[in-house]
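Take these sequences, add in the hints, and give me the full structure.
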Amino acid sequence: MRFAILVLLLMAGCASAPPSPSPSASSSSTTRQPAPGSPPPEGITVKTESIAVASILQSARADAASGRLANAAASIERALRIEPRNPRLWNELARVRLQQRDWAQAEATAARSNSFAGSDSELRASNADLIAQARRAQGK
Amino acid sequence: MRSNGFVRLLLVVFLLAGLALAAWALFLDFRVRHEFEGRRFALPARIYARPLELHEGLKLKPAELEQELKALGYKDGGQGESGWYRKTGGGLEVAVRPFVFWDGSQPAKRIRVSFADARISGLRDAADAQVPLARLDPLPIGGIYPAGNEDRLLVRLSEVPPHLVRELIATEDRRYYSHFGFDLRGMARAALSSVTGHVQGGSTLTQQLVKNFFLTPERSITRKVNELIMAVLLELHYDKAEILETYLNEIYLGQDRDRAIHGVGLAAQYFFGKPVQDLTVAESALLVGMIRGPSYYDPHRNPQRALERRNLVLKLAGEVGALTPEQVKQAQGAKLGVQPRAASGTTPYPAFVQLVQRQLRRDYKDEDLRSEGLRVFTTLDPRVQAAAERALVRRIEQYDRDKRFGAPGLEGAVIVAGTQTGEVQALVGGRDPRLRGFNRALDAARPIGSLLKPAIYLTALSDPSHYTLVTPLDDSPFVWKAAGAPDWKPENYDRKSHGMVPLRTALAQSYNLSTARLGTTLGVEKVLQTAQKLGMQKMPPPYASVLLGAVDLSPLEVAQMYETIASGGFRTPLRAIREVTTAEGKPLNHYSLSVEQAFPAEPIHLLSVAMQGVVSEGTAQALKSWIPPEIAAAGKTGTTDSQRDAWFAGFTGDRLAVVWLGYDDNREAHLSGGAAAVPVWGELMAALGPEPLALSAPENIETATIDPQTGLLGKGCPGAVDLPFIKGSAPKDSAPCAGGVGGAVEAIGRAVEDAVKPLKGWLDRLFGR
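As given, the protein sequences belong to chains A and B, one line each in that order.
Following the numbering used here, the numbering of the first sequence begins with 1 at its first residue and continues without gaps.
Following the numbering used here, the numbering of the second sequence begins with 141 at its first residue and continues without gaps.
All clues given are correct.
Derived contacts from chain A toward chain B, CB cut-off under 7 angstroms, selection only:
(1) Ala-73
(2) Ala-74
(3) Ser-115
Since the hints were derived computationally from the structure, they do not count as laboratory data.
The C-beta atom is built at its ideal place from N, Cα and C for all residues, glycine as well.
See below:
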């Protein structure tokens, strides 16, 4: 009985298989279009910040060091408006969130940093560390 | 005996009456003191747009900066410490005003901005040192007003020019400095003049203030007596300067749509565009003249009448020696000098301010918002807002002309947000952006049609063992039967079936049959869970028709869902507010950027690439008329039954925008998402110079070259495309054109295998294997 059902279903599967595609080897144009969204070779990982972002970061770090965490976070957000895809800024924000004991945000923000980090292994390690700390604090 | 008793009774009555009067006076005294001191002026919460942050590399043309400065009231070629700019060979010199921001006060400063290739190429201060970042003061965009929409800018008496005070006293209350709150001679003259018909006010400034401050506008003897007593009490407790200052801040001076202009501080700003300190003799005489009848002497509507009234004030002031004859003569010859009416009312951006108000009400009492003068720093970008308004209004007018459906006309809504920060940069709630009314961006619940499809494809692509971008989907007709629901028979937009189509093509072309079949295979509830994870708040009943968008959402809710896709799977709540401070600038609240990973990076990456296909080769191809292909925008069109709703939701590298068009009464609009909403979106984005959407592939993604005919590996095949796959999910076999052996046969084999796989899993579960 089971076998019969299986056979039927298999046949049904065959019936809805695509018609044999005819390979059109006769085509003259052989231009290979790179698909939109295929990973671009550059411009993703930002190694150095613009001077605008660097100056904000400097004051954010000073704020964080002296415990003005809300100010530090607000400053980093200000920098993120200028360079929203800069993984270092997200990493920096995750660090402040950890100091603010906002564990869930620290974890998610570090993951956000990773999503822009590309092959920057140092930054990835830093994010992994932040995520681990945040998860420990949440008892995960 | 009898008369004795009568006298006693009379005495008691007098005594009681005296006591009652004393008690009444005491009560009034309490009110006067309590309200005059306790009641500060209710100040509206002030709402500001985002401040423009200038820095090297910022995409900004000189004309755009100039426009921003003009909107802020900076004068071209002006003088003084701040508030002006000057054109310098290809650049601008700006004297930036001081401003108290959330993170502290920023002094006035001089900066020189140079431009190259439509970007800022240099930023230097007066000493020619490099400036990393310069923040302009933010544009005030409205307020949350006290009852009667009273608006005012408080001024100190010391800030008010002496000639204004002298003109006021000469016109309204000549014996102000010598009377005790009332002026018998003035009253007698007023009584006389009311007989002769030549109207003159007999009230002193103190009485006028009492009337505005404490009393209702009825006319009765009791009221007049109360007014008199309270005026005297006021004079007893406070000095002339205090009363005068309060009067100058209280008086009503005009109406700006729904906003009431009170006080000389705001009136100076509203009518002359300058601080009260800078009012000339003629300008202050106009304001003084308007006190008697702000609408009768409105200089915008009745300029001639206002001019005559102003010159009368000048004449009166000259008569009592408050002005010199030369001052009178010169001022009487001056033009009215009022600014063209901006007519912004309580705000030029009512739709956006409504969103701000809703977000504020979660944290603040309405009463505090209307009285404490809080400062609210928002995310609105006036440039983006202007582009959104222009694109929507222009297109709606054009569609109205083309379709001639008559009144009420077509409506629409637009939301623009930053893709990574979730900041709402623009919000248009209808075809008249200035109109405060039904806010379609927030409150129109409309079927979203194909805008739900990305949720279906995201559900599928989250399972790489069964679905990739090239998985063949069956686009043949089918009927969906479910217990307790009517049979559902979806149809394609073109009423055709397209056979077997690759997954990415089914999304790009928005095929209904293949998508609906995919959705039912995955499970409607599972798809709805994905939609909720994206940010949809509702949970509609899991009928199959939901798969093709039979769910009503507002443009804002749609924007929230697409924001999650645009930000790489991180749910980022859309925000309209950055910070709130007290009137003095003390920080109260910072609304921080928060993120939550809702989806792994890989399926979101695949979905985004597929949504780029919607623009490059699918239903949103028309976009290429506005933005070049290298921007590689991603999006999805939506069109509902009988074309009642036209949608487009999409994003570039820096902005996400959602556009909706339709009729409020749900008439058939005969507009499709691709033909009607896409042009609005394209025009809006093109005006802003979008950043390309450079999707960075997550680690676990590999690229394979695919033959579009077979969906197999196709290096060297005609029209082959590079597509991303989650590692291990790419096809293993090569197409014949890429040297594959029996590729055609294998393709069938794989397709069969793919089709059977889910069934096998199902059977396994069914038979408990």
